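*Asks:* Chains as they are written, first to last, in our numbering: chain C, 1 to 190; chain X, 1 to 175.
Take these hints with a grain of salt, some might be off.
As the list claims (entries may be wrong) - Example chain X residues on the side facing chain C (calculated, C-beta under 10 Å, incomplete):
no., residue
1, Ser50
2, Ser127
3, Phe153
Note that these hints are calculated values from the structure, not bench results.
All values derive from a computational prediction rather than experimental measurement.
The beta carbon of each residue, even a glycine, is placed where N, CA and C say it ideally should be.
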Amino acid sequence: MSAAVAPPSPATTIRPTLAELLRAFAIVSVSGFGGALPWARRKIVEQKRWMTAEEFNEAFALSQFLPGPNVVNFSVVFGSRFGGAPGAAVALAGLMGPPLVIVTILAVLYERFGDLEMLSRILVGITAAATGLLIAVVAKMAAPLFRKRWNWAPLVAIAAFIGVAIMEWPLPLVFVTLAPISVVLAWVKR
Amino acid sequence: MNSNPLLALFGYFALLSLFAVGGANAAIPEMHRIAVEVMQWMNDRQFADSFAIAQVSPGPNIIIVTLIGYHVAGLPGAAVATAAMCGPSCVVAFLVARTWDRFKEARWRIAIQAGLVPVSLGLIAASAFVLTRAADHTIYAALITALTALVGFGTRINPLWIFAISGLLGLTGWL
Numbered sequence: 001m002s003a004a005v006a007p008p009s010p011a012t013t014i015r016p017t018l019a020e021l022l023r024a025f026a027i028v029s030v031s032g033f034g035g036a037l038p039w040a041r042r043k044i045v046e047q048k049r050w051m052t053a054e055e056f057n058e059a060f061a062l063s064q065f066l067p068g069p070n071v072v073n074f075s076v077v078f079g080s081r082f083g084g085a086p087g088a089a090v091a092l093a094g095l096m097g098p099p100l101v102i103v104t105i106l107a108v109l110y111e112r113f114g115d116l117e118m119l120s121r122i123l124v125g126i127t128a129a130a131t132g133l134l135i136a137v138v139a140k141m142a143a144p145l146f147r148k149r150w151n152w153a154p155l156v157a158i159a160a161f162i163g164v165a166i167m168e169w170p171l172p173l174v175f176v177t178l179a180p181i182s183v184v185l186a187w188v189k190r
Numbered sequence: 001m002n003s004n005p006l007l008a009l010f011g012y013f014a015l016l017s018l019f020a021v022g023g024a025n026a027a028i029p030e031m032h033r034i035a036v037e038v039m040q041w042m043n044d045r046q047f048a049d050s051f052a053i054a055q056v057s058p059g060p061n062i063i064i065v066t067l068i069g070y071h072v073a074g075l076p077g078a079a080v081a082t083a084a085m086c087g088p089s090c091v092v093a094f095l096v097a098r099t100w101d102r103f104k105e106a107r108w109r110i111a112i113q114a115g116l117v118p119v120s121l122g123l124i125a126a127s128a129f130v131l132t133r134a135a136d137h138t139i140y141a142a143l144i145t146a147l148t149a150l151v152g153f154g155t156r157i158n159p160l161w162i163f164a165i166s167g168l169l170g171l172t173g174w175l
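Please put together the full structure from these sequences, using the hints given.
*Replies:* Here it is, written out as structure tokens:
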């Protein structure tokens, strides 16, 4: 039976060249409807074996907690690991290049046809759905935080929500106020 | 008011880049505040449309800033807004990536990571709120939002299908 055991994720990984980095991130960028993460994982861990699954999770956790777009951060973290500054630049260029071309074309079309009744109706439908998906993301993120008996995390989340959504205070202000409090609470209540 | 729109785009988005913990989804309320309320570059509908276009475009959702930039100042606006939104956070990511592994087990690192999760949760919830207010003007649109939230929470269906169906529903004019 030992031969039938699923292959473990490879212990040794392969080092990509700059050209390979560019190509891989360009492909990931245009595959990434509804989040590029699953595609990035498939490409980097399963197909190319540039990282083990564990290394991928580590790098992605770091990218999520850094400010700015997660996938963009990931491209920089990943690229710099393999090729320093040039690697980071190349991975970033691959990730942003094709989507930028596509969205610029869409921007031109929208400026010309955005007033069409038909188009705006379609977009209203899509926005309503996309907002619903965002609420689903919130619910998924909130579930583990709210499940514990008493803890500080829901209070911080609610304060951030009220500050930004209801009071409409500037995000940097809310962040600079709440983040240190939240980090200290995380330190103390652990 | 800042008379040069490129400078304003750069200043606002470069600052936002450093505080958008939770990515594009967390940055929506601040973008809305700047683009619709403070600078009055666009109205609610145009902002919601930009969000929708960014959602259905391939690639990172942060690309909504490219659309806002284009609306404000054409191609230079698109380039400046995108560079401003990605530049500062990329520099931070690059610098942190080099030192992070060394502090993997450090208690302060774990506290920072745990402390930022609820902040970004609150910001993403605020995004959903702001978008609902900007876009769902009919009971049917609100119903679509509620249904999609349930489907998104309970299943792992590809969002592209949901967008296609809701786009078609929108086309009928009920929303």
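*Asks:* State for each hint whether it applies.
*Replies:* Going through the hints against the structure:
1. Annotation: X/Ser50 was flagged as interfacial toward chain C, and the flag holds, the nearest CB pair being 8 Å apart, inside 10 Å.
2. Interface hint status for X/Ser127: upheld, as the beta-carbon distance to the closest one in chain C is roughly 6 Å, under 10 Å.
3. The interface hint given for X/Phe153 is met, as the beta carbon of that residue sits about 4 Å from the closest beta carbon of chain C, less than 10 Å.
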